[in-house]
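Trainee: For the sequence shown, my numbering assigns the number 1 to the initial residue and increments by one for each residue that follows.
No lab work stands behind these hints: they were computed from the structure. One or more of the hints may lead you astray.
Calculated cross-link-like contacts (lysine to aspartate or glutamate; reagent style EDC-like; alpha-carbon spacing at most 16 Å) [to be verified]:
#1 Lys190 to Glu159
#2 Lys37 to Glu17
#3 Lys37 to Glu18
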Amino acid sequence: MLAHLSQNQLLKAMKDEEVVVLAQQGQDYASEYILHKYRHIIRSKAKPYFLTGADQEDILQEGWIGLHKAIRDFQFEKGIPFKHFAELCVSRQIITAVKTSTRLKHTPLNTYISLNKPVYDDGTDRTLIDMIPNARMTDPEEVVMNREELADIKAQLVETLSKFEYNVFLLYLKKASYQEIANQLKTTTKAVDNALCRIKRKIDLKMKPYTY
Numbered sequence: 001m002l003a004h005l006s007q008n009q010l011l012k013a014m015k016d017e018e019v020v021v022l023a024q025q026g027q028d029y030a031s032e033y034i035l036h037k038y039r040h041i042i043r044s045k046a047k048p049y050f051l052t053g054a055d056q057e058d059i060l061q062e063g064w065i066g067l068h069k070a071i072r073d074f075q076f077e078k079g080i081p082f083k084h085f086a087e088l089c090v091s092r093q094i095i096t097a098v099k100t101s102t103r104l105k106h107t108p109l110n111t112y113i114s115l116n117k118p119v120y121d122d123g124t125d126r127t128l129i130d131m132i133p134n135a136r137m138t139d140p141e142e143v144v145m146n147r148e149e150l151a152d153i154k155a156q157l158v159e160t161l162s163k164f165e166y167n168v169f170l171l172y173l174k175k176a177s178y179q180e181i182a183n184q185l186k187t188t189t190k191a192v193d194n195a196l197c198r199i200k201r202k203i204d205l206k207m208k209p210y211t212y
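Take the sequences, apply the hints, and build the full model.
Mentor: Dropping the structure here:
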């Protein structure tokens with residue numbers, strides 16, 4: 001307890017930009033400190049938006065992802081205040097989610113995601129549940145990911161996947177077909193296929209705490 005208090009006192013004595021550098025170096029306590037300190041930005045940026053088919057909580061989840069991205073992508077040497085950078089990242093993430101939801105009205109963000117949805121359109125039966133280790137259950141049709149769990153996974157994947165892989169994964173979870181993902185990202189189905197394979201490997205390594 002005392003160690004925790006002294007650690008917080010140390011962080012408070014530092015500039016936020018310096019704390020972010022610690023977070024980027026893998027210091028979880030620094031990440032938690034920044035996430036807690038800047039949580040008000042998420043609510044502030046989320047208020048003006050209403051996401052068709054979703055509620056305020058869905059927008060807040062996107063805001064958390066934006067804040068995680070701000071920590072990941074902040075460049076201390078540029079001399080930009082982290083607060084301004086965080087506000088920008090949170091706003092961009094929310095706006096992107098709003099635009100994506102508008103394009104995919106048939107799959108609102110608060111829809112429960114079936115893990116049995118086929119990954120590809122080529123007649124194979126490979127599903128998302130196959131992409132998560134130890135995820136098979138007796139009755140796989142009952143397996144779903146609720147929006148809270150999905151938000152936690154998204155936040156973790158921000159730090160694990162490339163931008164392209166992350167976009168592929170989000171579109172897939174929103175039930176975009178294999179071909180639709182390729183069309184929307186202006187790439188080939190082969191590139192999407194390769195990305196999904198990489199995502200599977202990274203999920204195997206990173207997402208074990210979220211398996212069933």
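Trainee: Please go over all the hints and tell whether each is borne out by the structure.
Mentor: Here's how the hints hold up against the structure:
no. : hint             : verdict
1   : Lys190 to Glu159 : 24 Å, violated
2   : Lys37 to Glu17   : 13 Å, holds
3   : Lys37 to Glu18   : 14 Å, holds
Of the numbered hints given earlier, the model fails hint 1 alone.
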